[in-house]
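Student: What follows is the residue order along each chain.
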Amino acid sequence: MDGGRGPFREVSAPLSVDKVFLRYAGDAGIVTAVEDVSFAVEEGERLVLLGPSGCGKSTLLRAIGGFLPVAEGAIRLNGRPVTGPGPDRMMVFQEFDQLLPWRTVAGNVAFALRKARGLPKDEAWRRAREWVGRVGLARFADAYPHTLSGGMKQRVAIARAFAVQPAILLMDEPFAALDALSRRRMQDELLSLCEAAGSTVIFVTHGIDEAVRIGTRILVLSPHPGRLAAEYLVPEAARERGSAAFAEIEADIHARVFSGTPPEPQAVLADFREPSLV
Amino acid sequence: MSDHALDAPRRAASGARFHLSTSFWRRAVILAALALAWEAYARWLGNGLLLPTFGETLAALWNSSINGELPARVATSLSLLLAGYGIGIAVAATLTALAALSRWGEDLLGLLTSMFNPLPAIALLPVALLWFGIGPPSLIFVIVHAVLWPLALACHAGFRAVPPTLRMAGRNMGLAGPSYVFGLLIPAALPAILSGLRLGWAFAWRTLIAAEMVFGVSARSGGLGWFIYTNRAQLETANVFAGLLVVVLIGLAVENVVFRTLGRLTIQRWGQES
Ligand SMILES: Nc1ncnc2c1ncn2[C@@H]1O[C@H](COP(=O)(O)OP(=O)(O)OP(=O)(O)O)[C@@H](O)[C@H]1O
Ligand SMILES: [Mg+2]
Numbered sequence: 028m029d030g031g032r033g034p035f036r037e038v039s040a041p042l043s044v045d046k047v048f049l050r051y052a053g054d055a056g057i058v059t060a061v062e063d064v065s066f067a068v069e070e071g072e073r074l075v076l077l078g079p080s081g082c083g084k085s086t087l088l089r090a091i092g093g094f095l096p097v098a099e100g101a102i103r104l105n106g107r108p109v110t111g112p113g114p115d116r117m118m119v120f121q122e123f124d125q126l127l128p129w130r131t132v133a134g135n136v137a138f139a140l141r142k143a144r145g146l147p148k149d150e151a152w153r154r155a156r157e158w159v160g161r162v163g164l165a166r167f168a169d170a171y172p173h174t175l176s177g178g179m180k181q182r183v184a185i186a187r188a189f190a191v192q193p194a195i196l197l198m199d200e201p202f203a204a205l206d207a208l209s210r211r212r213m214q215d216e217l218l219s220l221c222e223a224a225g226s227t228v229i230f231v232t233h234g235i236d237e238a239v240r241i242g243t244r245i246l247v248l249s250p251h252p253g254r255l256a257a258e259y260l261v262p263e264a265a266r267e268r269g270s271a272a273f274a275e276i277e278a279d280i281h282a283r284v285f286s287g288t289p290p291e292p293q294a295v296l297a298d299f300r301e302p303s304l305v
Numbered sequence: 011m012s013d014h015a016l017d018a019p020r021r022a023a024s025g026a027r028f029h030l031s032t033s034f035w036r037r038a039v040i041l042a043a044l045a046l047a048w049e050a051y052a053r054w055l056g057n058g059l060l061l062p063t064f065g066e067t068l069a070a071l072w073n074s075s076i077n078g079e080l081p082a083r084v085a086t087s088l089s090l091l092l093a094g095y096g097i098g099i100a101v102a103a104t105l106t107a108l109a110a111l112s113r114w115g116e117d118l119l120g121l122l123t124s125m126f127n128p129l130p131a132i133a134l135l136p137v138a139l140l141w142f143g144i145g146p147p148s149l150i151f152v153i154v155h156a157v158l159w160p161l162a163l164a165c166h167a168g169f170r171a172v173p174p175t176l177r178m179a180g181r182n183m184g185l186a187g188p189s190y191v192f193g194l195l196i197p198a199a200l201p202a203i204l205s206g207l208r209l210g211w212a213f214a215w216r217t218l219i220a221a222e223m224v225f226g227v228s229a230r231s232g233g234l235g236w237f238i239y240t241n242r243a244q245l246e247t248a249n250v251f252a253g254l255l256v257v258v259l260i261g262l263a264v265e266n267v268v269f270r271t272l273g274r275l276t277i278q279r280w281g282q283e284s
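Chains as they are written, first to last, in the numbering used here: chain A, 28 to 305; chain B, 11 to 284.
Only chain A is shown next, with the shape it has when bound in the complex (with noise of 0.2 Å):
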């Protein structure tokens, strides 16, 4: 690779995740989290992690932000390995705890930004407030995250992933703690982000309907350990709440997956893994 612009640089196939395995040492033994699991993330590409509660998908996501270890295999960021977390790969988690309660909403964007690219203050609190506003919290910049609904603090923290401009953006069910009707707007307002600003991301979730409105592909994950189940290229039509491509999909991966009773193969399956789904 040649260095010299910076972990921001854009390259294709940002991310490879390479046979990777991920345990535990918990207090009843090793816990395998995470089992042979191989995979690339191009770039602009949504790829979306999918799985029932448990499967490892935490887990997986947090080995690619650097907070784990992996036990074997190899992750790689533009082909170096990922050895501890960085903002060229930002976090949105689903706790509504990740913002900094001592700093204002303009605050929490603006602290990252001059910490994690080195931005001088005017820029970087500029920057902030200009993306504050772009999720619509602009009358809020200088309010304290406390005083903010739920909804309102996973803005602030996308709007601070976002303004970092990482080479990857990951998120770990950053809507599962809100209500359906915020969760269907966050999920709108998200998609339109990420399409305005080409980013690439790994976005973790255990709703269908989510994985289709967001991802350009799906990967299912089998519980316990995890491991890739099938795959699934979600095609343009579909992204649509509603149409007959979005009810479609929907319906096989529920078929295939979560219920375990295999149907026929259909037109919108453009690849999947021989089924480790049992």
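Note that these hints are calculated values from the structure, not bench results.
Note that the Cβ used here is the ideal one computed from N, Cα and C, for glycine as well.
Take the hints with a grain of salt, since some may be wrong.
Unchecked claim - If you want the footprint, here are the derived chain B segments under chain A, 3+ residues with CB under 8 Å:
id : region
1  : 165 to 177
2  : 232 to 246
3  : 267 to 280
Claimed, not checked - What follows is a set of in silico ranges between Cβ atoms, one per label pair, in the way DEER data are often shown:
id : chain 1 : residue 1 : chain 2 : residue 2 : range
4  : A       : H251      : B       : N266      : 18 to 28 Å
5  : A       : I57       : B       : A167      : 40 to 50 Å
6  : B       : A263      : A       : Y51       : 16 to 26 Å
As the list claims (entries may be wrong) - To give an idea of the chain B side of the interface with chain A (calculated C-beta under 7 Å), a few residues:
id : residue
7  : R181
8  : N182
9  : G184
10 : L262
Dock chain B with the ligands against chain A, hints included.
Tutor: Frame of chain A; chain B with the ligands shown alone:
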């Protein structure tokens, strides 16, 4: 819709201010009633050696303030206290840093605090006198002991209670080493740190006054505790009560002015107050 969201906190804040001012008046009335009861009882008792009246106490307070004795005593006590408090904070910071950095440090802190925290600081005064002799170093030693353990315990608990998500968010932004500690851990643990400082202050103040009563034989420039003690020996009971009043007033002032203001400017504003 968002209008209401904006207005709600403001309304709540003005409500709190209103509440504060009524509670202030309530307290003022209670204090006045207590002073009145004191005055009445002391007059009825008619024995100034046992219990001077409120008026006599105020007069004694006024006189010993005017002649400069009481302010000098207070200054002595406060300077000792600040020295001990400062050293206590420094040592507590070092111990918690060690505890945050390594398992050995953590166990060291855990052991030391569980051993020394239950030990009343004043109980160390004989040892301090043996080691440091009669003089300020002995007093500072017991004050450090009074501040150190509760503060270290509170800080350590505060650091440990920083949510994992917040930690990860910080490291994700590239915080590491000092910028992680000062940019994330300390502000996140501030509620615990502040309550530790508050507790340490209260312990230190009580310990100092108690220690000064035992100690100070040679010191012409003894502190507030010594002022109380010598006046009792000379049967100047009004002065004793004046001294006690000052102890209470200083304790209240630090608690309500210094710490409450610190809290209002920081954790209360950030919604971190538990
Ligand atoms: N800190 C940990 N220590 C030990 N085991 C863990 C730890 N975190 C997760 N695990 C194990 O790893 C497995 C995967 O957990 P993970 O949190 O990645 O699941 P998930 O797919 O994100 O689930 P959810 O949808 O509920 O968030 C779990 O079955 C759990 O037993
Ligand atoms: Mg999870």
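Student: None of the hints should be skipped; say for each whether it holds.
Tutor: Against the structure, the hints come out as follows:
1. By the rule of at least three residues with a Cβ nearer than 8 Å to a Cβ of chain A, the coverage given for the region 165 to 177 of chain B holds, with 3 such residues.
2. Counting residues of the region 232 to 246 of chain B whose CB lies closer than 8 Å to any CB of chain A gives 0, which falls below the minimum of 3, so the coverage claim is violated.
3. Restraint check on the region 267 to 280 of chain B versus chain A: 3 residues with Cβ-Cβ distances below 8 Å, three needed, restraint holds.
4. A C-beta distance of roughly 56 Å is found between H251/A and N266/B, which places it outside the suggested range of 18 to 28 Å.
5. Checked against the hint of 40 to 50 Å, the pair I57/A and A167/B fails, with Cβ atoms roughly 31 Å apart.
6. Roughly 52 Å separates the CB atoms of A263/B and Y51/A, a value that falls outside the hinted 16 to 26 Å.
7. Taking 7 Å as the C-beta contact cut-off toward chain A, the hint placing R181/B at the interface holds, the least distance being around 4 Å.
8. The beta carbon of N182/B is positioned within 7 Å of a beta carbon in chain A (closest approach about 5 Å), and the interface hint is therefore held.
9. Proximity of G184/B to chain A holds as hinted, the smallest CB-CB distance being about 5 Å (cut-off 7 Å).
10. A cut of 7 Å between beta carbons decides the hint on L262/B: the least distance to chain A is about 28 Å, and the hint is violated.
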